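Participant: Sequence order for the protein chains is E and Y.
Per the numbering used here, the first sequence runs over residues 3 to 328.
Per the numbering used here, the second sequence runs over residues 14 to 307.
Keep in mind that a hint or two might mislead.
[Stated by the list, open to error] Straight-line alpha carbon distances no greater than 25 Å define the calculated BS3-like cross-link-like pairs of lysine-lysine that follow: (1) E:Lys198 <-> E:Lys243; (2) Y:Lys65 <-> Y:Lys76; (3) Y:Lys104 <-> E:Lys21; (4) E:Lys21 <-> E:Lys37; (5) E:Lys37 <-> E:Lys287; (6) Y:Lys104 <-> E:Lys5.
Calculated directly from the structure, the hints in this document are not laboratory data.
All figures in this text were calculated on a predicted structure; none of them were measured in a lab.
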Amino acid sequence: MNKVFSAVLALVIFFLAWKFIDWAFVHAVWQPDSKACRAASGACWGFIAEKHRFILFGTYPYEQHWRPALASVFLILLWFLSAWRIFWRWWLAVLWLAGLSVIAVLMWGGLFGLPYVENERWGGLILTLLLSTFGIALAFPLSILLALGRRSDMPVIQALCVGFIELVRGVPLISVLFMASVMLPLFLPAGVSIDKLLRAQLALIFFAAAYLAEVVRGGLQAIPRHQYEAADALGLTYWQKTGTVILPQALRIAVPPLVNTIIGFFKDTSLVAIIGLFDLLQTIKVSLTDPAWTGFGTEAYLFAALVYFLFCFAMSAYSRRLERVR
Amino acid sequence: MLGVVWYLVSNTLANLEARRIASGFAFLWREAGFEIGEAAFQRYSASDTYLKALAVGLANTFKASLIGIVLATVLGTAIGLFLVSRNRLLKTVSRAYVEFMRNVPLLVQLFFWYVTITEALPPPREALQPLPGVFLSNRGIFFPLPGSVPVLDGFNFSGGLAITPEFAALLIGLVTYTAGFIAEIVRAGVLSVPRGQFEAAYALGLTRRLAMRYVVLPQALRVIVPPMTSQYLNLIKNSSLAVAIGYPDLVSIANTTVNQTGQAIEGIAIIMAVYLTISLAVSALMNWYNARLK
Chain E
3 MNKVFSAVLA
13 LVIFFLAWKF
23 IDWAFVHAVW
33 QPDSKACRAA
43 SGACWGFIAE
53 KHRFILFGTY
63 PYEQHWRPAL
73 ASVFLILLWF
83 LSAWRIFWRW
93 WLAVLWLAGL
103 SVIAVLMWGG
113 LFGLPYVENE
123 RWGGLILTLL
133 LSTFGIALAF
143 PLSILLALGR
153 RSDMPVIQAL
163 CVGFIELVRG
173 VPLISVLFMA
183 SVMLPLFLPA
193 GVSIDKLLRA
203 QLALIFFAAA
213 YLAEVVRGGL
223 QAIPRHQYEA
233 ADALGLTYWQ
243 KTGTVILPQA
253 LRIAVPPLVN
263 TIIGFFKDTS
273 LVAIIGLFDL
283 LQTIKVSLTD
293 PAWTGFGTEA
303 YLFAALVYFL
313 FCFAMSAYSR
323 RLERVR
Chain Y
14 MLGVVWYLVS
24 NTLANLEARR
34 IASGFAFLWR
44 EAGFEIGEAA
54 FQRYSASDTY
64 LKALAVGLAN
74 TFKASLIGIV
84 LATVLGTAIG
94 LFLVSRNRLL
104 KTVSRAYVEF
114 MRNVPLLVQL
124 FFWYVTITEA
134 LPPPREALQP
144 LPGVFLSNRG
154 IFFPLPGSVP
164 VLDGFNFSGG
174 LAITPEFAAL
184 LIGLVTYTAG
194 FIAEIVRAGV
204 LSVPRGQFEA
214 AYALGLTRRL
224 AMRYVVLPQA
234 LRVIVPPMTS
244 QYLNLIKNSS
254 LAVAIGYPDL
264 VSIANTTVNQ
274 TGQAIEGIAI
284 IMAVYLTISL
294 AVSALMNWYN
304 ARLK
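Okay, chain Y solo, but in the shape it has when bound (with noise of 0.2 Å):
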C-alpha cells in the first residue's frame, strides 16, 4: 500500500519537473488576468488575485445553491402535495412533470434552458415585456426594483436587476430538477402516515386543508427531512455543471485557474476540499435539526 502511495508520488514529482509546473499554493496570490461575468455580492477585476477569483466562484456557488434550494423546496412541496391531491387531472399533470424531470440527464435540461434563452428569446430591443418593468430578452432576465427601473441603453438593458442567461439557466435546470426528486419525497412523506391521522382529524372538524398543515405535514416531515438533505447536498454539487453552460460558479473559476497555471493537482484539491467541507457541514446542520424534530 505505502509503496504503491510513493511510487505515485514521485511519478508526480518526476512529472511536475519534466513540465516545469510550479507546486504548492504561492499562486493563489498572483494576478488572475481574466474577467469574470458576475460577481455576487463583490467587485472583482482582472488586476485581482487567483483567491479573489475563487472567492468570487464559490460566492456564485453559494448565490446558486442557496436560491436554487429556497425555490426547489417550495416548488417541489407544492407539486408533492399535488401528487397526493384528490384532483385527478392535477395528480396526472404532477405525475408527468415529475417522471420527465427524473428521467432527463441534468445537464441536458441545462443546455436545453440555456440554448432556450440565448436563441429564442429576441434581443433586447424587441425584448418581452411579460409584466411591466419585467424585460426577457436573449442578454437576460431583468426586473424593476424600488428606485430602479431596467431602461433600454444601447444594446443592452441596464438599471433594475438583470438576471444573466448563465444564470437564469443554472437556476431553472437545479430548481425544476430538483423539484421533481423533492415532490416524491414529499408525497411519501405524506403517504407513511397512517390513515387514522387523518380521520382523527377530520373527526376533530379540521378540513383537509388544516388536517394536512396542523397534523399529518408535521409528522411527516420526520420521514421528509434524511431524504431532502441529500438533495439539497446533490443540488449544491449539480450546480458545478455551471461550468458547461459558463456560469463562473467555483469549478468553473478553478478550471480556467489550472488552465492558465498549469497546477492541477492544488486546483482540484481546492474544488474537493470546498465541497467536502460544504457537504460535512449542510450534514451536521441537518442533522441537528433532525435530532430536534424527534
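If we strip away everything but chain E, and leave its shape as in the complex, we get (with noise of 0.2 Å):
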C-alpha cells in the first residue's frame, strides 16, 4: 500500500516538476525581447533581464547605481558579520555605527564629490533592506524597554506598556502603516512635515518593538526567581541587576525566537508597497505597468519570491543551527 502510494506520489511530482522546468527553462526566454516573450510558450526571465536595474534600484539615478549597489553589499556584511557569535562584542557595535555612515554617505551622497541624492528617489533592494535594519535596530531598545515595563511594579507605566504592545498586536500592520501615512501629518504643527519614508520607519519601528518586547517578555519569565534575589541580596539597584544579571541571560534564551520574530518583520517591510514606498516588491509591481511588458507577472512575482526566500531561508537556516548548539 504504502509502496504503490509512493509510486503515484513519485510520478505527480516527477510530472509536475517536468512541466515546470519545460516552461520555466526548456522554452524561457533570456533576451530582453518583448516581442519574442510574447510569441514563446515558457517563461520570459527577459522582463526581469531588462528591468533588473529599476527592480534593484528603484529610482536612484542610473549612473550612480554602484552606490546602493555597494551599501547593500555592506549592510549584509554586517548582518553576516553579526551572526556569529564570537564577533559579539563590544566593537560589533562600533563597526556598525562605522558601517552605517559610510552606507548613509553612500546613499544621500553630497561628500567626497558624490552629488546628493534625497531619499525619495531611494528604491528597491537596498530600500528593503534599511527599513528593516533600522526598524529592528531601534525597535530592540525599544522592546526590552517595554518588556521590563510590562513586568514592572509600577501600575501606570505597566498599563501603558500592556496596552501599546496590546494595542499594537491587535491589529493589522497596515492599519499602522496608514495611521503613519495619513494621520501623522495632522499631529503635526503647522510647517513642519516628516517625508513619507520616515514615517513608514516609525511606525514599523513601533509595529516591530510590540512583537519582540513578547518575546523578550518570554526569555525575562524564563530567568529563575534566585537570579533577581542573588542580585537584590548583593544590594545592586534596579538598573544594575538588570543591566549585569538579568538581560545577559534572558537575550541568550530569547535569541532563537528574536531570529524568527525578525524574519517575520523582513517580510512584513513588503507592506509599504501598499502605502506607495519603492521597496523590492513596489519597484517589481511598477516595472509590470510598462506597456511592453505587461502579462509578465507570474515570472515578475516569481523573482520576488525567490529574492525574499533566499534572505529569509538564510535567516532561517541560521536560527535552526542556534536552536541546535544551545
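With the hints in hand, could you dock these two chains into one complex?
Facilitator: Structure, rendered in C-alpha cells:
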C-alpha cells in the first residue's frame, strides 16, 4: 500500500516538476525582447533582465547605481558578521556605527564629490534592507524597555506598556502604516512635515517593538527567581541588576525566537508597497505597468519570491543552527 | 506625558481646521456613492450609506477569514501529519512546501496568485473546464449549484456559484500561507507526545492511524491550541492585505471612505476598533476552549 502510494506520489511530483522545468527553462526566453517573450510558450525571464536595474535600485539616478549596490553589500556583510557568536563583542557596535555612516554617505552623497540624492529617490532592494535594519535596530532597545515595563511594579508604567503592546499586536500592520502615512501629518504643528519614508519607518519601528517585546518578556520569564534574589542580596540597584544579571541571560535565551520574529518582520516590510514606497516589491509592481511588458506578472512575482526566500531561508537556517547548538 | 498629549491634540485640531476636515462620525449616515465589487450575505448599491458600505466590508472580511481558517486548518493539519509520516518522499515534499510558504512574504504570494489568475487563465469564452460544470477563467471561478449551472452569457458566466479573481487570490494565498505555519504547529504538537504513548497504543493492538487518531492527537491538542489561536488571529489580520489586490474587505472600504471624506482619524479608529474586538473575542473563545481541554 505504502509502496503503491509512494510510486503514485513520485509520478505526480515528476510530472509537475517536468511541466515546471519545461516552462521555466526549456521554453523560456532569457533575452530582454518582449516580442520573443510573447511568441514563446515558456517563461519570460527577459522581463527581469530588462528591468533588473529598476527592480534593484528604483528611481535612484542610473549612473549612480553602484552606490546603493555597494551599500547593500556592506549592509548584508554587517548582518553576516553579526551572526557569529565570536563577534558578539563591544566593538561590533562600533563596527555597525561605522558601517551605517558609510552607507549613509553612499546613499545620500553630498560629500567626497558624490552628488546628493534625496531619499524620495531611494528604492528597490536597499530600501527593503534599510527599512528592516533600522526597524530592528531601533525597535530592539524600545522592546526591552517595553518588556521590562510590562513586568514593572509601577501600575501606570505597566498599564501603558501592556496597552501599547496589546493594541499594536491586535491590529493589522497595514492599519499602523495607514496611520503613519495619513494620520501622523495631522499631529504635527503647521509647517513641520516628515517625509514618507521616515513615517513608514516610524510605523515599522513601533510595530516591531511590540512583537519583539513579547519575545523579550518570554526570555525574562525564563530566568529563575533566585537570580533576582541573589542580585538583590548583593545590594544591586534595579538598573544594575537588570543590566548585568537579568538581561544578559534573558536575551541569550531569547535569541532563536528573536531571529524568527526578525524573519517575520523582514517579510512584513513588503507592506510598505501598499502605501506607495518603492521597496523591492513595489519596484517589481511598477515595472509591470510598462505597456511593452504587461502580462509577465507570474515571472515577476516568482522572482520577488526567490529574492525574499533567499534572505529569509538564510535567516531560518541560522535560527535552526542556533537552537541545535544551545 | 499629559503635556505631550495636549500638544498633539491641539496640533491636530488646528490642522483639521486649516484643511477644513470635519470631525465626528456623522459621515457614516451620508451616501457613500461608490460601488463595491462583491457583498457577502447582503445587497449594496452606491446610494447606500458609508455605514452600510463598512458593514459590507466587515462581512467580506468575515467571509474570507472564516472560510480561510477552516481550509487552512484542514490543509495545515494534513501537511503537519505528512511531516511526521514514515513515507520519506511525502515528508520531503511537505518540508519543501512549509519552507517555501514560511519564507516568502504573504503579499508577494497574493500578488502572484492574483496575476496568475487574471493573466494566465483564459477569458470566459475559452474557460478551462477541469470538471463538468466547473469553469476557470480570468473573470473568476464558477461552480455549479443544485438547480443553477454556470452558463456563458455574453462576456462572462452567469448562474452557479461565482468566485471573483480577487476573492480566489486572497483565499488561496491566505490558506496556503497559513497552512505552512499550522503544519509546523501540528508537527511540534505530535512530537511533544511521549514515544511511550505510541508504544502503549501499539501494544493494545491499534494501528498507526488509530493510535494517531485516538491516543496521540487528543494529547497533542493541548500543545497545539494556544499557537493555533495566534495563527487564526494572524490570518484574520492578514486578510487586510486584501486592499492590495482589490478585494473589498473592511480595510479596503475604510481606506476608500478616508480618501473620499478626508476623515482619516475616524476611518483608522474604526479599523483598529474592529480588529481589536475580533482579537479579544477570538482569544477569549480559544482560552475557554483550552480551559475545557485541560
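Participant: Next, verify each hint and record whether it holds.
Facilitator: Evaluated hints:
1. E:Lys198 <-> E:Lys243: Measuring from Cα to Cα gives roughly 40 Å; hence the hint is violated.
2. Y:Lys65 <-> Y:Lys76: OK: Y:Lys65 and Y:Lys76 at ~16 Å, within 25 Å.
3. Y:Lys104 <-> E:Lys21: 22 Å, holds
4. E:Lys21 <-> E:Lys37: Given pair E:Lys21, E:Lys37 holds - Cα atoms ~23 Å apart, limit 25 Å.
5. E:Lys37 <-> E:Lys287: 21 Å, holds
6. Y:Lys104 <-> E:Lys5: 14 Å, holds
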